[in-house]
Every structure is written in structure tokens, then in C-alpha cells.
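Asker: The primary structure of each chain is shown beneath.
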Amino acid sequence: MRYATPASAKEAAGLLSKEKGAAFLLAGGTDLLVKLKMGMVEPDLVVDIKRIPKINEIQTSAKGFTIGAAVSGAVIGEHKGLNAAWPGVVEAANLIGSDQIQGRATLAGNLCNASPAADSVPAMIVAGAKAVIVGPNKKRTVPVEKVVEGPGKTCLTKGEVIEAIVLPKPEPRTGDAYMRFIPRTEMDIAVVGVAISLKLERGVVKKAKVALGAVAPTAVVVPAAARALVGSKLDDASLEKLAAACSAACNPIDDKRGTVEYRTRVAGVLAKRAAKLAFQRAGGAL
Amino acid sequence: MSNATLVSTTVNGDPVQFACPTDESLMTALRNRVGLTGVKEGCGTGDCGACSVTLDGSLVCSCLVLGVEAEGRKVTTVEGLSENGELHVLQQKFIDHAALQCGICTPGFLVAAKALLDRNPNPNETEIRYALAGNLCRCTGYDKIVHAVQDAAKDMRKNNNRSKKRS
Ligand SMILES: Cc1cc2nc3c(=O)[nH]c(=O)nc-3n(C[C@H](O)[C@H](O)[C@H](O)COP(=O)(O)OP(=O)(O)OC[C@H]3O[C@@H](n4cnc5c(N)ncnc54)[C@H](O)[C@@H]3O)c2cc1C
Ligand code: FES
Ligand code: FES
Chain A
1 MRYATPASAK
11 EAAGLLSKEK
21 GAAFLLAGGT
31 DLLVKLKMGM
41 VEPDLVVDIK
51 RIPKINEIQT
61 SAKGFTIGAA
71 VSGAVIGEHK
81 GLNAAWPGVV
91 EAANLIGSDQ
101 IQGRATLAGN
111 LCNASPAADS
121 VPAMIVAGAK
131 AVIVGPNKKR
141 TVPVEKVVEG
151 PGKTCLTKGE
161 VIEAIVLPKP
171 EPRTGDAYMR
181 FIPRTEMDIA
191 VVGVAISLKL
201 ERGVVKKAKV
211 ALGAVAPTAV
221 VVPAAARALV
231 GSKLDDASLE
241 KLAAACSAAC
251 NPIDDKRGTV
261 EYRTRVAGVL
271 AKRAAKLAFQ
281 RAGGAL
Chain B
1 MSNATLVSTT
11 VNGDPVQFAC
21 PTDESLMTAL
31 RNRVGLTGVK
41 EGCGTGDCGA
51 CSVTLDGSLV
61 CSCLVLGVEA
71 EGRKVTTVEG
81 LSENGELHVL
91 QQKFIDHAAL
101 QCGICTPGFL
111 VAAKALLDRN
121 PNPNETEIRY
131 ALAGNLCRCT
141 GYDKIVHAVQ
151 DAAKDMRKNN
161 NRSKKRS
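Residue numbers (my numbering), protein chains in the order written: chain A, 1 to 286; chain B, 1 to 167.
If you are wondering where the hints come from, they were derived from the structure by calculation, not from laboratory data.
Check each hint, because a few of them may be wrong.
Claimed, not checked - With a straight-line Cα cutoff of 30 Å, these simulated DSSO-like cross-link-like pairs (lysine-lysine) come out:
| hint | chain 1 | residue 1 | chain 2 | residue 2 |
| --- | --- | --- | --- | --- |
| 1 | B | Lys-74 | A | Lys-10 |
| 2 | B | Lys-74 | A | Lys-54 |
| 3 | A | Lys-80 | A | Lys-207 |
| 4 | A | Lys-138 | B | Lys-154 |
| 5 | B | Lys-74 | A | Lys-37 |
| 6 | B | Lys-158 | B | Lys-74 |
| 7 | A | Lys-50 | B | Lys-158 |
| 8 | A | Lys-80 | B | Lys-154 |
| 9 | A | Lys-80 | B | Lys-144 |
| 10 | A | Lys-54 | A | Lys-169 |
| 11 | A | Lys-80 | A | Lys-20 |
| 12 | A | Lys-35 | B | Lys-74 |
Work the whole structure out from these sequences, hints included.
Answerer: Below is the structure:
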């Protein structure tokens with residue numbers, strides 16, 4: 001196994017695209033090195049992005065935030081600006097693993113690993129996050145919801161590298177929230193994850209976005225759930241409609257941590273709770 | 001076959017060089033090449049925390065770090081906790097509270113607890129339990145460990161105040 005520490009995302013893309021054997025990008029390594037240990041991958045080349053300048057930084061501008069692809073969950077959790085702007089994204093990122101995993105795990109790695117249960121993905125989707133993708137020849141920006149195509153499968157072509165995740169500056173009176181259900185209180189994989197962002201106008205929901213995790217092969221955006229909230233002050237009837245729309249959008253697996261019926265039901269219950277939290281964060285009165 | 005790569009790093013404040021294959025974990029390199037066997041292997045996959053170290057100040061599982069990643073970085077292991085042959089308060093409190101039995105999880109708990117107290121000198125019980133959720137103990141049970149950390153935090157705050165008053 002060869003190990004490379006390129007000095008730019010472009011150089012990383014070049015190394016990956018030229019490699020004839022099995023080549024992998026290394027960010028926090030909390031997925032990749034587990035697979036290496038288990039013999040699920042046998043890399044000929046590992047390209048570590050953590051020595052690329054600025055890739056370990058969060059930059060704030062008038063437009064929003066640029067989170068470098070190597071920024072860890074722990075660093076995201078300490079960032080005051082991000083906590084104020086997108087608390088749902090921060091709480092989702094911070095749910096990934098233990099403090100030890102937080103010391104390394106990245107948003108881009110969570111996205112590229114493409115697990116259906118990846119916690120940060122629904123939260124990034126409802127916040128309108130985009131992935132800045134650098135290839136050997138060109139750069140493109142893709143909405144996070146378009147990146148994952150199936151379990152373990154992304155839209156990245158050979159050599160492409162996510163350089164950063166960008167989050168917009170939230171509009172006034174916007175709130176977001178992410179909640180997951182796990183059988184234990186810590187260190188488990190989501191049975192259901194729900195992310196909701198909404199914007200208020202005079203106390204009424206003007207815009208909303210709802211995404212579910214762990215109930216389908218990829219995170220799913222649920223427009224019907226968002227429509228249930230728009231125009232409401234989160235009265236019981238609209239919350240029931242939200243829950244029904246979320247349950248209807250579920251196409252989950254049956255496993256030891258949750259049956260199909262259970263996941264479908266819990267998706268609705270969690271959606272109501274997440275909507276209330278996002279509403280309060282947007283300044284709404286319940 | 002992976003070629004051995006020479007890695008220059010700092011471990012517990014001392015400059016250290018070791019040669020390791022590129023696919024070897026920092027955990028294995030620290031144990032087998034640097035001789036720091038306080039770094040324990042429980043699972044090797046990030047679940048148990050027995051291999052906890054800090055890397056440039058952040059708490060990580062050394063089983064999920066490649067040895068070659070340590071180049072030019074600063075690593076701290078449980079062996080770096082004591083000073084001038086004196087146990088760290090946390091270590092003493094683990095003994096006082098009998099917060100260990102077989103001891104295989106203990107180094108990881110100590111490193112993780114130290115990282116917590118560096119960040120938050122006065123954690124409540126819930127915060128301690130969440131901060132140590134990445135460390136598994138299969139024999140002592142967690143209550144004694146939590147009590148030891150609470151007690152150590154209390155002493156450390158006292159010592160801190162005392163040294164602040166003195167200066
Ligand atoms: C004990 C434990 C607990 C966990 N708990 C959770 C949890 O609660 N929730 C959850 O969602 N996940 C969890 N995970 C999984 C993992 O920690 C996350 O998916 C994490 O965000 C991965 O990020 P990373 O930087 O470590 O990725 P890496 O392991 O470095 O990379 C993951 C994959 O993405 C690719 N990749 C990484 N970065 C890029 C990039 N910038 N561009 C292109 N490709 C890239 C890599 O090649 C690799 O295939 C857990 C893992 C462990 C070991
Ligand atoms: S050996 Fe590293 S977490 Fe278990
Ligand atoms: S003391 Fe034996 S595992 Fe914790």
C-alpha cells in the first residue's frame with residue numbers, strides 16, 4: 001500500500017485518477033480504516049487529504065460557510081457561527097460515534113461512505129448544503145441530496161474528491177433540527193433519522209424541507225411532508241399530516257434493530273418532534 | 001506487501017522515530033515499535049476506546065489512525081499522564097475508587113477522561129457518561145469509573161484555584 005499526502009485537492013484528484021490499482025481517499029478514516037482492518041478493502045494507494053492547506057478549516061463569508069473536507073465533528077461542534085446558523089447540522093454531525101470518533105470523522109466522509117443511516121446527510125440536505133467536487137480536470141458543485149445514489153454508491157467519478165461542504169447563510173427566522181432514534185442512548189446506528197428546516201413569516205411556516213435517513217436505500221426528501229407544514233403554526237392537524245407523509249415515504253429494511261412497521265411509525269413520531277424543535281429555533285411560539 | 005516508511009513524530013513530549021508499514025495502525029506502531037504497551041487493543045475497529053490517545057490534542061482511537069499519519073504530529077498516550085514519576089490525579093482516583101479490575105480498558109478511560117477535563121473542568125454525571133461512551137469496560141462497571149472522574153475533577157479544580165491564588 002502506498003500512502004500519499006498531496007498538497008492540493010487537484011493533486012489528490014490527479015493521484016487517484018492515475019492509479020491503476022485500488023485507490024482510496026482518506027479523511028478521518030473512521031469508515032475506511034475499519035474496512036481496511038476487516039479486509040473489506042485492499043488499497044494499493046491511500047491518498048490522505050489532511051495535509052492540504054485550508055482543508056482543515058471552516059471559513060465564514062457573507063454567503064455562508066465553507067467546511068473543509070477534513071474538518072472533524074469535534075471542530076464543527078465548537079464553531080460558534082455554525083452552531084448559531086445551523087444547529088441541526090451541528091447536532092447531526094456530533095451524533096456520529098463517540099468523542100474519539102468525533103476527533104476524526106468528517107461530513108464529506110459521512111456523505112461519501114454513503115450509508116443509508118448516515119446521520120449528517122439528512123441534516124445537510126434540509127440546510128441546502130452543497131458538495132464542492134474537484135476532479136483531475138474540472139470542478140463542480142453538487143447539492144448534497146444528489147451525491148448519494150445508493151448504499152455505498154455516490155455520483156463521484158474516478159478521481160473526484162470533495163474539497164468542501166458549503167452551507168448557505170440561513171435566511172432570517174430559519175430553524176433546523178435533526179433527531180434520530182437508536183435502541184441505546186449512545187454509540188448506535190440510526191433506526192430512523194429525521195431532519196427538518198423551516199422558515200417563518202409572521203409566526204407561520206413559509207417554507208419547509210424534510211428529509212429522512214435510515215428508512216430507504218438513500219436519504220429521502222419528502223415534499224409532501226414539507227407541504228403539510230407550510231401555512232401552519234404547527235397545529236395538531238398539520239403535525240398529523242406531517243407524520244403521515246413521513247411514514248408514507250418510508251421504504252425501510254427489517255432488521256434486529258427495527259422492523260418495517262416500527263421504523264415507519266417512528267419516522268412520523270420523530271418528525272413531529274423535529275418540526276417543533278426547528279419551529280422554536282426559528283423563533284416560533286408553540 | 002507494504003514498504004516500511006520512516007515516521008518522525010513526538011510522543012509524550014519526546015521526539016520519536018519509527019519505521020512501519022504504511023497500512024499499520026498507530027496503535028500497533030505505538031505498542032510494537034515505540035514500546036508503549038499502555039495503548040491497548042480491544043476491538044481494532046473504533047468501538048471500545050481501549051486504544052485512545054490524543055493526536056495534536058484531539059482524542060482519537062489510535063486503531064483508526066495509520067502510523068504514517070503521525071508524521072510531524074504530537075501524540076499523547078496514558079504513559080504521558082504521570083509527571084516526574086508521580087501519578088496523575090485521575091490515575092490516583094481510579095486506584096482509590098477501585099475503578100478497575102482487569103485494567104485493559106483503564107488506559108483508554110484515563111486518556112478520554114483527561115481530554116474531557118481539559119475541555120470541561122466541571123462536568124456533571126451525564127456529561128461524563130456521554131464523554132466516556134466510546135470507552136467500554138467489561139468487568140468493573142461504569143459507576144466506579146464515573147465517581148473516580150468526578151472526584152479527580154474536584155481535586156483538579158481545587159489545585160487549579162490554589163495555583164491561581166499563588167500566582
Ligand atoms: C465506532 C463508530 C461509530 C460510528 N457511529 C456513527 C454514527 O453514529 N452515525 C454515522 O452516520 N456514522 C457513524 N460511524 C461511521 C463514520 O464515523 C462516519 O461515516 C464518518 O463521518 C466518516 O467520516 P471519515 O472522515 O472518518 O471518513 P473516511 O473513513 O476517511 O472515508 C469514508 C469514505 O468516504 C471516502 N471519502 C472521504 N472523504 C472524501 C472526500 N472528501 N471526497 C471523496 N471521497 C471521500 C473515503 O474514500 C471512504 O471511502 C461510526 C464509525 C465508527 C467506527
Ligand atoms: S481498539 Fe481501538 S477502539 Fe477498540
Ligand atoms: S477493568 Fe476490565 S474491562 Fe474495564
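Asker: Give a verdict on every hint.
Answerer: Going through the hints against the structure:
no.	hint	verdict
1	Lys-74(B) - Lys-10(A)	28 Å, holds
2	Lys-74(B) - Lys-54(A)	20 Å, holds
3	Lys-80(A) - Lys-207(A)	25 Å, holds
4	Lys-138(A) - Lys-154(B)	56 Å, violated
5	Lys-74(B) - Lys-37(A)	24 Å, holds
6	Lys-158(B) - Lys-74(B)	29 Å, holds
7	Lys-50(A) - Lys-158(B)	39 Å, violated
8	Lys-80(A) - Lys-154(B)	28 Å, holds
9	Lys-80(A) - Lys-144(B)	34 Å, violated
10	Lys-54(A) - Lys-169(A)	20 Å, holds
11	Lys-80(A) - Lys-20(A)	43 Å, violated
12	Lys-35(A) - Lys-74(B)	26 Å, holds
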